[in-house]
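Enquirer: Take these sequences, add in the hints, and give me the full structure.
Throughout the sequence shown, residue numbering follows this note's numbering, covering -17 to 93 in sequence.
None of these hints come from the bench; they were simulated from the model. Just so it is clear, CB atoms sit at the ideal spot from N, CA and C, and this is done for glycine as well. Heads up, some of the hints might be wrong.
[Claimed, not checked] As a list, the in silico DSS-like pairs of lysine-lysine whose alpha-carbon atoms are at most 30 angstroms apart:
1. K31 <-> K42
2. K23 <-> K42
3. K72 <-> K60
4. K71 <-> K60
5. K42 <-> K60
6. K34 <-> K23
7. K23 <-> K71
[Said to hold, decoys possible] If you anchor each label on the Cβ, the simulated ranges turn out as follows:
8. H38 <-> L8: 24 to 30 angstroms
9. Y25 <-> T78: 36 to 42 angstroms
10. T78 <-> N32: 54 to 60 angstroms
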Amino acid sequence: MGFADFFNTEQSQEFYDSDAPHKATLSHELLGGAVAFEAAKAYEDHCAKNGKPDNHALAKELFAGFAGAALDRVVETKGADAWSDHQRKKAREHATETFTEEVYVQQQDQY
-17 MGFADFFNTE QSQEFYDSDA PHKATLSHEL LGGAVAFEAA KAYEDHCAKN GKPDNHALAK
43 ELFAGFAGAA LDRVVETKGA DAWSDHQRKK AREHATETFT EEVYVQQQDQ Y
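Expert: Set out below in structure tokens:
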């Protein structure tokens, strides 16, 4: 088994072929915005039940919804890309360790 053969496995090709950047989807952004909107609305309702005054409730809920959608977009694009890079780095480290161990074991068996 040569050095180049070790890095031409199906697993290594899978990591090299998966360099496409992650993209945010509109459905996830809408869902994230809706969840954030409902959370802000529930908080405003809770405050109203406890006698706290309500200031610009709808505006706050809408801003919370937009912030939730923006956060979802950042997490799906930046976070997923960073996680993929981290996984590829760990896979390369593991492959290097495995290859090194195999080479040293073969050399020790020869002597």
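Enquirer: If a hint holds in the structure, say so; if it doesn't, say that too.
Expert: Verification of the supplied hints:
1. For the proposed pair K31 and K42, the alpha carbon gap of about 17 angstroms is at most 30 angstroms, so the pair holds.
2. Between the alpha carbons of K23 and K42 the distance comes to roughly 9 angstroms, so the proposed pair stays at or under 30 angstroms and holds.
3. As the CA atoms of K72 and K60 are separated by approximately 19 angstroms, the hinted pair is consistent with the 30 angstroms bound.
4. This hinted pair checks out: K71 and K60 have alpha carbons roughly 17 angstroms apart, not beyond 30 angstroms.
5. Distance check on the hinted pair: K42 and K60 sit about 26 angstroms apart at the alpha-carbon level, within 30 angstroms; holds.
6. Note on K34 and K23: the hinted pairing holds, with a Cα-Cα distance of about 14 angstroms set against a maximum of 30 angstroms.
7. The straight-line distance between the Cα atoms of K23 and K71 is roughly 42 angstroms, outside the 30 angstroms bound, and the hint therefore fails.
8. At about 28 angstroms, the beta-carbon gap between H38 and L8 stays in the expected band of 24 to 30 angstroms.
9. Evaluation of the 36 to 42 angstroms hint for Y25 and T78 yields a failure: the beta carbon distance comes to about 50 angstroms.
10. A C-beta distance of roughly 59 angstroms is found between T78 and N32, which places it inside the suggested range of 54 to 60 angstroms.
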